Each structure stands twice: as C-alpha cells, then as structure tokens.
Amino acid sequence: MKLPSIFNCSNDMALAANVRQYRPPKRIQQMETDLAALAQVWENTPFAGPWGWSLATKQRYRQRGVAEELLPSDEWLAELRRLSSREFACRYIKELLGKMKDERLLGSEMRWVDKNNLNDNLNPNGPLIFKSPWSSSGRGVFVEKTSNLQSPISNLQPQTSNLKSPTSNRLHGFLFSQGGYVVDRFYEDKVLDFAMEFYVHEDRKVEFLGWSVFHASENGAYGYNYVESQEELVGRILNGENGLDGLDGEFLGRLVRYHQEHLAKTGYRGPVGIDMLKTVDGRVHPCLEINFRMNMGILALLLYAQYGADCTKQLTPLNPNGFEALVEKGKLMIAYRRQ
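Numbering-wise (the numbering used here), the sequence shown opens with residue 1 and increments by one.
Treat the hints loosely; a few may be bogus.
No more than 16 Å apart at the CA atoms, straight line, and that leaves these computed lysine to aspartate or glutamate pairs for EDC-like [unchecked claim]:
1. K331 - D193
2. K265 - E95
3. K58 - D34
4. K190 - D281
5. K265 - D203
6. K145 - E95
7. K265 - E218
8. K94 - E75
9. K205 - E250
10. K145 - E188
11. K101 - E324
12. K265 - E69
13. K2 - E261
14. K265 - E250
15. K331 - D310
16. K265 - E188
17. K94 - D74
18. K58 - E75
19. K2 - E69
20. K99 - E261
Calculated from the structure, these hints are not laboratory results.
Fair warning: this is a prediction, and the values are worked out from it, not measured in the lab.
Based on the sequences and whatever the hints tell you, model everything.
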C-alpha cells in the first residue's frame with residue numbers, strides 16, 4: 001500500500017523544530033493549502049508519499065488513520081534529520097573534495113560553524129552566504145556583502161559585544177536555535193543553477209534519475225525549473241546559456257558515480273536532489289546542499305515525461321489571491337498573485 005501524497009513544503013522547517021505538532025507560518029500554510037493539488041503529479045509514481053518526512057509529517061499521517069506499520073520509525077526520522085542538515089552537506093563536500101581531485105571543483109570554503117569553532121578565522125575574497133541548518137527556498141539564507149567582510153569571520157560572530165549588526169544577530173539566532181550555521185563564499189560569477197536527481201531503493205541501489213536545471217534568486221529563493229529533455233538540460237550544463245565553453249560529460253559522469261556510491265552508504269531510502277552551481281570559468285560547486293526529499297527538479301522530470309517540452313499546463317487551481325503552480329512554455333514555476 002502506498003501512502004497518499006501530500007505537498008508539505010514546510011517540512012524542512014518542521015525538521016528544524018523537531019516536534020510532532022508543528023504549525024508553519026501562515027504564509028507557508030496558505031502555500032500548502034493552495035498547492036495541495038501539486039501532489040497529484042507524483043501520486044501514481046514510485047515517489048508517492050509526502051514531499052518530505054519529519055516527526056510532524058508522521059503525526060499528520062497518523063491523524064489521517066494511516067497504520068503505524070506503514071510509517072517510518074522515530075529512529076529513522078532522527079537519522080533523516082541529521083542527513084538533511086546542512087552540517088552533513090559540509091562534511092560530505094569536504095570528503096568529496098578530498099577524494100575527487102579536480103581543479104574544476106569548488107566548495108573548499110564551505111564550512112560548518114558551531115560553538116566549537118566559533119573563533120576560527122576565515123578571510124574571504126568577497127561576499128559570503130550564510131545558511132541555517134534546515135530551511136528551503138531561500139528561508140534561513142542570506143548574503144553579506146558589506147565591508148565587515150574585509151575582516152576575519154570571527155568579527156561577525158554573535159559573541160562579539162562591540163558588533164551589533166543584523167548579520168551578527170541572525171547568526172546568533174542560527175547558533176542558539178539550531179546549533180550552528182553554514183558559511184560559504186557567495187559566487188557572484190555564477191552562471192547556472194543545476195542539480196542531480198536520484199532515487200535510493202530499498203536494496204541500496206542508487207538510481208540516477210537525471211539532471212535538472214533551475215533558476216534561484218541571490219538568497220536561494222526558488223524561481224523556476226526547465227521542463228526539457230535530458231539532452232537539452234545537459235546542453236545547458238555543458239555549454240551554458242551564454243555560449244561559453246564549459247564542462248565535459250566524463251567529468252559529470254564521475255560526479256554522478258561518486259554521489260551514487262556515497263548516497264548508498266547513508267541508510268536513507270527515497271528521492272534525493274543535490275544542488276550545484278557553475279561559474280563563468282566552467283568550474284562547479286558539486287554540493288551546495290542535499291535534499292533528502294521530493295523536490296522541484298524531480299517534479300520537472302516527471303512533468304517532462306508526462307507532457308513533453310514547451311508545454312503550458314496549469315497544475316493547481318487558478319488563484320487570483322494566493323499561490324498556484326504551473327508550467328508555462330516549458331518552465332515549472334510557483335506564482336503568487338494578489339488582487
């Protein structure tokens with residue numbers, strides 16, 4: 001028996017809260033209500049089930065009367081929460097860069113900050129991006145471009161009494177509410193957002209579902225996904241939208257195989273997306289974050305399989321005063337309309 005699919009896009013925030021009775025902010029509640037029909041896209045596929053798992057998701061299914069044996073254990077959910085933290089992604093990319101030597105790989109400046117390394121210095125060459133451990137679509141993510149960054153990162157830490165900046169206050173919140181945060185170089189020379197999409201089966205086989213190419217704002221807020229063939233998407237990744245020479249298929253294939261091998265060791269089962277970026281000189285950040293859940297990239301793959309390229313399709317009811325999901329001329333997007 002498959003669980004009924006639900007679009008619970010607040011799940012990353014529920015993971016942060018780590019409670020059974022979680023109520024997201026009103027705007028996110030509205031998004032989940034307005035876009036509930038989006039779950040029909042993956043309802044009759046191997047991905048059937050929730051957008052993401054947490055204690056709150058499990059409780060939601062219990063309240064619907066789903067039998068306990070169909071639900072994951074609390075121990076499995078605790079491990080999923082650990083894997084879903086950006087702290088895990090920091091450790092993952094450090095290992096990746098240590099094993100997969102290639103000058104085209106970026107990410108060495110991405111690191112996890114908590115009370116144990118709060119005073120470590122980082123002298124950036126430019127702006128930084130900060131991320132809380134659990135968040136999605138730009139929430140809990142911000143970029144710092146001020147002159148403060150000419151000094152060591154320790155000058156931005158929340159324990160510094162002589163710095164009363166919004167940045168310091170936000171980092172203080174991340175540190176004491178979620179245990180730490182991620183800091184990375186902000187790539188002003190980014191030319192492409194893309195991702196690898198996988199499905200980890202019960203036998204630990206990690207199936208590569210395909211590539212997704214998307215657009216996100218400066219702070220990571222979702223813009224849209226291309227609904228195109230794999231050939232077209234790989235073309236965007238290799239050549240870029242501006243015609244610059246880029247990467248090669250052998251390099252991308254090595255990345256796929258690395259992720260397949262190491263995702264198999266996690267003990268997780270289900271959909272996974274690994275977000276990446278490409279810079280103007282053809283270098284790649286191979287693991288900005290790992291989404292151990294359903295995501296818009298997989299959704300775009302399913303929509304291409306169902307409707308092909310260049311389609312226009314309303315996925316949720318038209319909403320003149322709220323959220324709606326649609327594919328418009330081959331772009332999957334979430335629109336917010338307000339009268």
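Results for each hint:
{"no.": "1", "hint": "K331 - D193", "verdict": "holds (14 Å)"}
{"no.": "2", "hint": "K265 - E95", "verdict": "holds (13 Å)"}
{"no.": "3", "hint": "K58 - D34", "verdict": "violated (21 Å)"}
{"no.": "4", "hint": "K190 - D281", "verdict": "holds (9 Å)"}
{"no.": "5", "hint": "K265 - D203", "verdict": "holds (11 Å)"}
{"no.": "6", "hint": "K145 - E95", "verdict": "violated (29 Å)"}
{"no.": "7", "hint": "K265 - E218", "verdict": "violated (32 Å)"}
{"no.": "8", "hint": "K94 - E75", "verdict": "violated (26 Å)"}
{"no.": "9", "hint": "K205 - E250", "verdict": "violated (22 Å)"}
{"no.": "10", "hint": "K145 - E188", "verdict": "holds (11 Å)"}
{"no.": "11", "hint": "K101 - E324", "verdict": "violated (43 Å)"}
{"no.": "12", "hint": "K265 - E69", "verdict": "violated (24 Å)"}
{"no.": "13", "hint": "K2 - E261", "verdict": "violated (27 Å)"}
{"no.": "14", "hint": "K265 - E250", "verdict": "violated (24 Å)"}
{"no.": "15", "hint": "K331 - D310", "verdict": "holds (8 Å)"}
{"no.": "16", "hint": "K265 - E188", "verdict": "violated (34 Å)"}
{"no.": "17", "hint": "K94 - D74", "verdict": "violated (29 Å)"}
{"no.": "18", "hint": "K58 - E75", "verdict": "holds (12 Å)"}
{"no.": "19", "hint": "K2 - E69", "verdict": "holds (12 Å)"}
{"no.": "20", "hint": "K99 - E261", "verdict": "holds (12 Å)"}
Hints 3, 6, 7, 8, 9, 11, 12, 13, 14, 16, 17 from the earlier list are contradicted by this structure; the remaining hints agree with it.
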